[in-house]
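> Here is what each chain is made of, one letter per residue.
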Amino acid sequence: MSGVVSQALPLELLTAGEQGIVVEIDGAPELVVRLEEMGLYTGVRVCMVQPGAPCILEINHQRYSMRFDDSVTVLVDLVQ
Amino acid sequence: MIEKVPSKNLERTVAVIGNPNTGKSTLFTALTGVHSRIGNYPGVTVEKKVGWFEFEGQSIRLVDLPGTYSLSPRTIDEMVSVDVLLGRQAEVGQIDAVVCIADASNLERNLYVVSQVLDLGLPTVLILNMWDVAQDRGIQIDPVELGNRLGIKVIPCEAHRRRQIDKVRSGIVQACNSLKPTPPDLFPEVFHEEGRRLQAEFLQISNQILPTYLVERLILDVGGQLETELTKPDPEQLISRLKESRERLKLVQFRVPNIEAKLRYGWSRKILTGVMTVPEKRPSTATDSLDRWLTHKFWGLLVFCLAMFIVFQSISWAAQPLMKFCELGQKHVGEMIGSLLPFGPFRSLMVDGVIAGVGGILVFLPQICFLFLFIALLEDCGYMARAAFLMDKLMTKVGLSGKSFVPLMSSFACAIPGIMATRTIENRRDRMVTILIAPLMSCSARAPVYWLMVAAFFPRISWVGGWITLHGIMLFVMTFFGAVVAVPIAWLFKKTLFKGETPPFVMELPSYKIPSPRIVLHRVFDRATAFVMRAGTLILATSILIWCASYFPSDHTEEQKVLVEIRQAETTFASELDLKEQLNQLRENTVNRKEPLLDAVPLPEIDEKIRKLDERLKPLHDLFDTRNKISEQLLANSFLGRFGKVIEPVVKPLGWDWRIGVGVLASFPAREVIISTLGTIYSLGGDVDENSQGLQSALQSANWPDGRPVYSIPVAMSIMVFFALCAQCASTLMVIRRETNHWGWAGFTFVYMTILAYIGAWIAYVVTGWLMAA
Numbered sequence: 001m002s003g004v005v006s007q008a009l010p011l012e013l014l015t016a017g018e019q020g021i022v023v024e025i026d027g028a029p030e031l032v033v034r035l036e037e038m039g040l041y042t043g044v045r046v047c048m049v050q051p052g053a054p055c056i057l058e059i060n061h062q063r064y065s066m067r068f069d070d071s072v073t074v075l076v077d078l079v080q
Numbered sequence: 081m082i083e084k085v086p087s088k089n090l091e092r093t094v095a096v097i098g099n100p101n102t103g104k105s106t107l108f109t110a111l112t113g114v115h116s117r118i119g120n121y122p123g124v125t126v127e128k129k130v131g132w133f134e135f136e137g138q139s140i141r142l143v144d145l146p147g148t149y150s151l152s153p154r155t156i157d158e159m160v161s162v163d164v165l166l167g168r169q170a171e172v173g174q175i176d177a178v179v180c181i182a183d184a185s186n187l188e189r190n191l192y193v194v195s196q197v198l199d200l201g202l203p204t205v206l207i208l209n210m211w212d213v214a215q216d217r218g219i220q221i222d223p224v225e226l227g228n229r230l231g232i233k234v235i236p237c238e239a240h241r242r243r244q245i246d247k248v249r250s251g252i253v254q255a256c257n258s259l260k261p262t263p264p265d266l267f268p269e270v271f272h273e274e275g276r277r278l279q280a281e282f283l284q285i286s287n288q289i290l291p292t293y294l295v296e297r298l299i300l301d302v303g304g305q306l307e308t309e310l311t312k313p314d315p316e317q318l319i320s321r322l323k324e325s326r327e328r329l330k331l332v333q334f335r336v337p338n339i340e341a342k343l344r345y346g347w348s349r350k351i352l353t354g355v356m357t358v359p360e361k362r363p364s365t366a367t368d369s370l371d372r373w374l375t376h377k378f379w380g381l382l383v384f385c386l387a388m389f390i391v392f393q394s395i396s397w398a399a400q401p402l403m404k405f406c407e408l409g410q411k412h413v414g415e416m417i418g419s420l421l422p423f424g425p426f427r428s429l430m431v432d433g434v435i436a437g438v439g440g441i442l443v444f445l446p447q448i449c450f451l452f453l454f455i456a457l458l459e460d461c462g463y464m465a466r467a468a469f470l471m472d473k474l475m476t477k478v479g480l481s482g483k484s485f486v487p488l489m490s491s492f493a494c495a496i497p498g499i500m501a502t503r504t505i506e507n508r509r510d511r512m513v514t515i516l517i518a519p520l521m522s523c524s525a526r527a528p529v530y531w532l533m534v535a536a537f538f539p540r541i542s543w544v545g546g547w548i549t550l551h552g553i554m555l556f557v558m559t560f561f562g563a564v565v566a567v568p569i570a571w572l573f574k575k576t577l578f579k580g581e582t583p584p585f586v587m588e589l590p591s592y593k594i595p596s597p598r599i600v601l602h603r604v605f606d607r608a609t610a611f612v613m614r615a616g617t618l619i620l621a622t623s624i625l626i627w628c629a630s631y632f633p634s635d636h637t638e639e640q641k642v643l644v645e646i647r648q649a650e651t652t653f654a655s656e657l658d659l660k661e662q663l664n665q666l667r668e669n670t671v672n673r674k675e676p677l678l679d680a681v682p683l684p685e686i687d688e689k690i691r692k693l694d695e696r697l698k699p700l701h702d703l704f705d706t707r708n709k710i711s712e713q714l715l716a717n718s719f720l721g722r723f724g725k726v727i728e729p730v731v732k733p734l735g736w737d738w739r740i741g742v743g744v745l746a747s748f749p750a751r752e753v754i755i756s757t758l759g760t761i762y763s764l765g766g767d768v769d770e771n772s773q774g775l776q777s778a779l780q781s782a783n784w785p786d787g788r789p790v791y792s793i794p795v796a797m798s799i800m801v802f803f804a805l806c807a808q809c810a811s812t813l814m815v816i817r818r819e820t821n822h823w824g825w826a827g828f829t830f831v832y833m834t835i836l837a838y839i840g841a842w843i844a845y846v847v848t849g850w851l852m853a854a
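These protein sequence lines are chains A and B, in that order. Its first residue numbered 1, the first sequence is counted upward by one per residue in the numbering used here. Its first residue numbered 81, the second sequence is counted upward by one per residue in the numbering used here.
By construction, these hints were calculated from the structure, which means they are not laboratory data. Note that CB positions come from ideal geometry on N, CA and C, so glycine has one too. Among these hints, one or two may not hold up.
[Said to hold, decoys possible] Keeping only pairs whose Cα atoms sit at most 20 Å apart, straight-line, the calculated EDC-like set for lysine to aspartate or glutamate is: (1) B:K473 / A:E30; (2) B:K330 / A:D26; (3) B:K350 / B:E360; (4) B:K579 / A:D70; (5) B:K477 / A:D77; (6) B:K342 / A:D70; (7) B:K361 / A:E30; (8) B:K377 / A:E12; (9) B:K342 / B:D460; (10) B:K323 / A:E30; (11) B:K233 / B:D199; (12) B:K574 / A:D69; (13) B:K473 / A:D70; (14) B:K698 / B:D687; (15) B:K342 / A:D77; (16) B:K473 / A:D26; (17) B:K330 / A:E24; (18) B:K579 / A:D69; (19) B:K342 / A:D26; (20) B:K574 / A:D26; (21) B:K129 / B:D460; (22) B:K330 / A:E12; (23) B:K593 / A:E58; (24) B:K477 / A:E58; (25) B:K361 / A:D77; (26) B:K575 / A:D69; (27) B:K574 / B:E506; (28) B:K361 / A:E58; (29) B:K342 / A:E24; (30) B:K377 / A:E58.
[Said to hold, decoys possible] Selected chain B positions facing chain A (Cβ under 7 Å, derived; list incomplete): (31) E588; (32) Y592; (33) T670.
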């Protein structure tokens with residue numbers, strides 16, 4: 001994929017309209033697996049639709065509302 | 081591979097599985113039509129939905145499994161699904177084939193659970209539902225090539241438009257009669273080896289013969305439902321063996337649990353390469369434009385409040401005429417049966433016990449239907465998920481997440497499905513707090529109490545040309561009162577009993593859709609039947625009991641003599657009574673009309689006519705007075721009356737007389753019993769005259785022994801607040817016990833809510849009293 005900046009940042013820091021590719025999901029195993037099953041897994045492209053807590057994300061044309069906290073960290077590479 | 085003997089007459093069992101929001105129930109209804117039944121799996125409260133259809137001479141039994149993102153059993157719902165698929169669920173039996181439903185517009189994620197289903201090695205058919213949505217988004221899929229790669233039949237479908245339904249039926253029948261496919265083996269041999277080793281260890285330690293599939297799932301699902309269930313025989317040993325197994329796998333770079341998602345999504349991508357093309361940029365849809373407003377920080381909340389307000393206004397507005405109609409029906413049935421039967425205990429049982437009791441509650445059927453209609457509409461169009469998103473911010477303030485919102489919102493219809501819906505909350509502390517506060521949400525059984533009290537004691541005031549009424553506002557306030565009280569209670573529970581961090585919150589936001597009339601009406605029908613059934617069983621039984629307690633042990637001969645005299649007098653004065661009814665009607669019409677008609681009879685003139693008529697009817701009025709006095713005496717001397725006097729000191733601070741006290745006590749098994757109990761008490765107690773139309777007017781004319789009216793706005797408020805906060809529902813307490821696995825929590829809920837209700841009712845009585853005096 002072109003224009004990927006190899007500098008991972010937490011997903012919740014994306015601003016509206018920015019896209020990222022998930023590079024790492026860290027946290028309690030049950031929570032991480034749940035996120036993965038729902039579609040947020042390493043390598044997937046995420047678009048921030050509405051930042052905030054909770055925020056609205058778009059993954060593979062599907063929208064989700066999510067609120068993150070200290071128990072799970074999702075790191076993404078920003079796509080320019 | 082075992083080939084199935086294609087026998088056409090034998091009924092085949094097919095399980096339906098898929099992600100939530102893929103239109104699974106719509107497809108299920110489209111396939112089976114009216115031939116379905118909803119029940120429970122034994123021992124757990126997971127809903128079991130079974131339907132039937134026949135296609136080309138083959139009868140199929142469809143078992144609908146709860147919507148799930150994965151087959152790793154981490155919740156009770158998922159555990160039941162796995163048990164059904166493995167044929168371990170005795171009530172369902174062996175599964176002949178599986179129907180996987182996937183959202184065609186989000187196939188990559190949906191294939192995750194498909195790959196888990198394929199691992200089971202059962203004949204499978206994949207339905208790509210919402211084909212039209214995928215097309216609209218510019219997603220191109222080649223179903224034939226996809227089917228070839230997966231080794232199963234793939235059928236595109238638009239369930240909500242009922243397109244391709246016969247193709248789906250044919251696909252299911254075909255799957256039933258086809259070979260078992262070879263599972264796509266995604267895991268390395270070292271993992272299977274470890275599975276076999278653990279299988280042997282479990283057999284040795286606990287004598288359990290486990291299917292390979294379950295043992296492998298056990299290794300993969302850290303902290304899942306399987307871990308608790310399968311290690312029960314010898315937790316210490318079995319868990320340590322399991323941990324060793326995972327450790328050994330870790331050494332060979334097979335890291336549980338992360339490895340599963342990596343392997344499955346890798347497979348899913350490989351399968352879809354060249355089969356599916358997705359446009360780089362997602363076209364903007366109607367859902368996106370709607371969401372810009374509906375999920376907005378300010379406008380979204382405003383729309384939410386407005387929607388709720390409109391729902392409750394329209395219930396009170398639309399159901400009113402229907403309810404009047406039902407009341408009239410109840411009165412006529414009572415009169416008809418009353419005139420057929422001779423005076424005596426049996427007549428009294430029928431008229432005062434059964435008709436006044438059960439009829440009194442059935443009158444509320446129209447409102448119940450409207451309430452469920454609105455909730456079903458909001459759920460089916462996809463708005464509920466947005467409401468949960470909006471509410472997450474508020475919920476985090478009390479330490480809960482938006483996930484708790486949907487169960488709490490459904491508790492507004494009934495706490496039982498609400499408490500059952502908490503199963504989607506994975507965090508135990510959150511789930512417990514949600515269960516404990518769910519009965520505070522105003523369920524539909526409370527509504528009749530509010531409707532009765534508000535209609536009888538609050539003035540009929542309206543604003544903005546009749547669009548906003550005081551009654552509507554009061555109903556709105558009462559409906560949300562419990563929810564407002566729940567806020568500090570939840571906060572308190574979270575701070576004391578269930579300390580812990582607020583868990584992260586993830587929820588899918590499905591596309592908006594036009595609600596399917598079939599599904600919505602089906603849900604309303606289900607709920608309405610349940611309501612009528614309850615009235616026919618539990619409430620009927622309590623009505624009869626209350627009647628017995630209030631009829632015996634007194635001697636009713638004198639009362640019956642007066643009743644015979646009244647009937648004779650009514651025949652003598654038949655024409656006068658008719659005329660009076662007409663005049664009363666005319667008077668009501670004149671009062672209600674804003675602009676008087678030119679030829680209208682002036683009000684004083686009507687009143688004068690009524691007064692003159694009443695003078696002529698005096699003998700009849702006297703008879704009624706005598707009857708009322710006798711009846712009151714009889715009721716006071718009955719078992720119920722004596723018991724009521726004993727408890728009167730307890731309820732007096734709340735402004736209640738002994739009758740309300742008895743009514744409230746009788747309604748602890750089911751709160752709507754208050755209506756039928758009051759109906760029986762007032763029907764027997766003689767607070768009725770020839771104008772009396774149902775319970776409303778009986779309450780309005782009820783007096784204390786010194787002549788003051790029993791009911792006033794403060795008393796009505798105190799009753800409503802008591803009912804808003806009290807745990808008067810045996811079924812809810814039962815479900816709490818089942819869901820928490822402990823009687824203690826059911827008992828705790830009962831005690832805390834009853835105390836809260838008593839204090840709340842007392843405050844409401846005192847404060848409203850002050851406000852009215854000021």
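> Is the straight-line distance between the alpha-carbon of B:K129 and that of B:D460 20 Å or less?
Holds: B:K129 and B:D460 sit about 18 Å apart, inside 20 Å.
> Could you grab the alpha-carbon distance between B:K473 and A:D70 and see if it respects the 20 Å cut-off?
holds, 17 Å
> Hey, does the B:E588 contact hint survive, CB to chain A under 7 Å?
holds, 6 Å
> For the pair supplied as a hint, B:K342 and A:D26, is the alpha-carbon distance within the 20 Å limit?
Since the Cα atoms of B:K342 and A:D26 sit roughly 14 Å apart, the hinted pair holds (cutoff 20 Å).
> B:K579 and A:D70: Cα distance at most 20 Å?
Judged against 20 Å, a Cα distance of about 16 Å means the pair holds.
> Would the hint linking B:K342 and A:D70 be met if the CA-CA limit is 20 Å?
violated, 23 Å
> Keeping to a limit of 20 Å between CA atoms, is the pair of B:K473 and A:E30 held or broken?
violated, 23 Å
> For the pair we were handed, B:K574 and A:D69, check the Cα-Cα distance against 20 Å.
This hinted pair holds, its Cα atoms lying about 17 Å apart.
> What's the verdict on B:K574 and A:D26, does the C-alpha distance respect the 20 Å limit or exceed it?
Violated, at roughly 26 Å.
> Between B:K330 and A:E24, does the CA-CA distance stay at or below 20 Å?
Given that 20 Å is the threshold and the Cα spacing comes to 18 Å, the pair holds.
> Quickly compare the C-alpha distance for B:K361 and A:D77 to 20 Å and report which way the hint goes.
Since the Cα atoms of B:K361 and A:D77 sit roughly 19 Å apart, the hinted pair holds (cutoff 20 Å).
> When you check the alpha-carbon spacing of B:K377 and A:E12, does it fall within 20 Å?
holds, 17 Å
The structure is inconsistent with the numbered hints 1, 5, 6, 7, 9, 16, 20, 22, 24, 32 and 33, although it conforms to all the rest.
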